[in-house]
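Which chain is which? The protein sequence lines are A and B, in order.
Sequential numbering of the first sequence, starting at 1, is according to this note's numbering.
Sequential numbering of the second sequence, starting at 1, is according to this note's numbering.
Rather than coming from a laboratory, the hints here were simulated on the basis of the structure.
None of the values given here were measured: they were computed from a predicted structure.
We put the CB at the ideal spot given by N, CA and C, even for glycine.
Some hints could be false.
What the hints assert, rightly or not - Anything over 12 Å on all C-beta distances counts as not near chain A; from chain B, calculated:
1) N40
2) E58
3) V64
4) V84
5) I120
6) L145
7) S150
8) V153
9) D156
10) I159
11) R167
12) L180
To be verified - A few chain B residues facing chain A, derived, Cβ under 10 Å:
13) D83
14) A86
15) G89
16) I93
17) D146
18) S151
19) F158
20) V163
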Amino acid sequence: MTTPPAAELNFQDRFAGAASRLTAYVIDVAVSTGVFTLAVAGASFVASVITNQSVSWNRTNIAVTIIYLLWEFLYFAYSWAASGKTFGMALLGVRVVSADGAAATVRQAVIRTLAFPLSFLLLGLGFLGILLQHDRRALHDLIAGTAVIYSWDARAARLRFLARDNPPIPR
Amino acid sequence: MGKRVTDPVESLAQRVAERVVDLVVRSLDVNALVQQIDLNALVDQVDVGKLVDRVDVEKVVGRVDLDRLLAQVNMDDLLARVDVDALLGRVDIDQLLARVDVAALVDRVDVNEVARRIDIDALVTQTDLGAVIAKSSGGIVGNALDVGRSSAVGLDEFIARWVDRFRRRRYSGPPGPPELLQPARPAPPVSPAVAPGAAISVVEP
């Protein structure tokens, strides 16, 4: 099997594709929701110990839902403003930058987080830009002036593989 | 009347003189004569400097056909007679190197071109550099991350390729933001036997 031409390119600093971004988002939602659920469960337990009554908070409670939305906002906005990547994006090796490639600003991070739900409207048509746009930008990227790029150095990973699989001959 | 008498006499005298000189020269032993001459004393009397000053060296050299001269030289024979070791022994390498402007020399070297010629695969697999990389990089977690990322990038490319195929466009890899865009740096091809999940393994459509 010959290596396809695209595989011989290092994609670092190039626009990231749909699969990497979707996987990162799924991981982020799972992690942030998991952390929130644990926090709510912990808070419920503490409240039940203090009040000596059975307390069971969950997301059917409007207050909990509002706090959950605030937490999600903080999780994404802070991560993008601080380093350009959330936990899931760090795992997948992608990050958010300004459309021209500069580091994303706090303002852009906040706008991106607020505009993110808009991409889900109209059956997720806002995400089509990732597939169809030249620069792979979704609706929330266009609104915030951001883009998502690969930050992972494939060549370095390749060398690590080579080093692991071919230990040097002892002299 | 006087002229009528003198002309034949002059002519006679001329013929006599020529004959006498001829007889004298024939009777002379030139070799014996030369042997009696003290050549050193003669040469000592010659002002060589003055003589050389009168020679137009440039004119002489200008008349020499150097190509023809060199064509007659057997270079192999000439070089065979040169003692290269002795020649090199007379060269002061330190002094020679001291005269070399290393900075200017390095400036003329295209380091990127040199780096491109390096077989990174061979460097990693055949030297201790591989061990250094293996030690410095993460263990199982790092390995899993590399595999996961390369799989995701492979899927990205697979999707992008198919989308462009439906749109009847030629796919040439993802572009990048202008500030980060650099000329594409080709990496050496991946050997599937060595690193099946390494780099970006793109699924052939």
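Taking the hints in turn, this is what the structure says about them:
{"no.": "1", "hint": "N40", "in the structure": "75 Å, holds"}
{"no.": "2", "hint": "E58", "in the structure": "64 Å, holds"}
{"no.": "3", "hint": "V64", "in the structure": "61 Å, holds"}
{"no.": "4", "hint": "V84", "in the structure": "36 Å, holds"}
{"no.": "5", "hint": "I120", "in the structure": "7 Å, violated"}
{"no.": "6", "hint": "L145", "in the structure": "7 Å, violated"}
{"no.": "7", "hint": "S150", "in the structure": "7 Å, violated"}
{"no.": "8", "hint": "V153", "in the structure": "6 Å, violated"}
{"no.": "9", "hint": "D156", "in the structure": "3 Å, violated"}
{"no.": "10", "hint": "I159", "in the structure": "6 Å, violated"}
{"no.": "11", "hint": "R167", "in the structure": "8 Å, violated"}
{"no.": "12", "hint": "L180", "in the structure": "4 Å, violated"}
{"no.": "13", "hint": "D83", "in the structure": "41 Å, violated"}
{"no.": "14", "hint": "A86", "in the structure": "40 Å, violated"}
{"no.": "15", "hint": "G89", "in the structure": "36 Å, violated"}
{"no.": "16", "hint": "I93", "in the structure": "32 Å, violated"}
{"no.": "17", "hint": "D146", "in the structure": "4 Å, holds"}
{"no.": "18", "hint": "S151", "in the structure": "9 Å, holds"}
{"no.": "19", "hint": "F158", "in the structure": "8 Å, holds"}
{"no.": "20", "hint": "V163", "in the structure": "5 Å, holds"}
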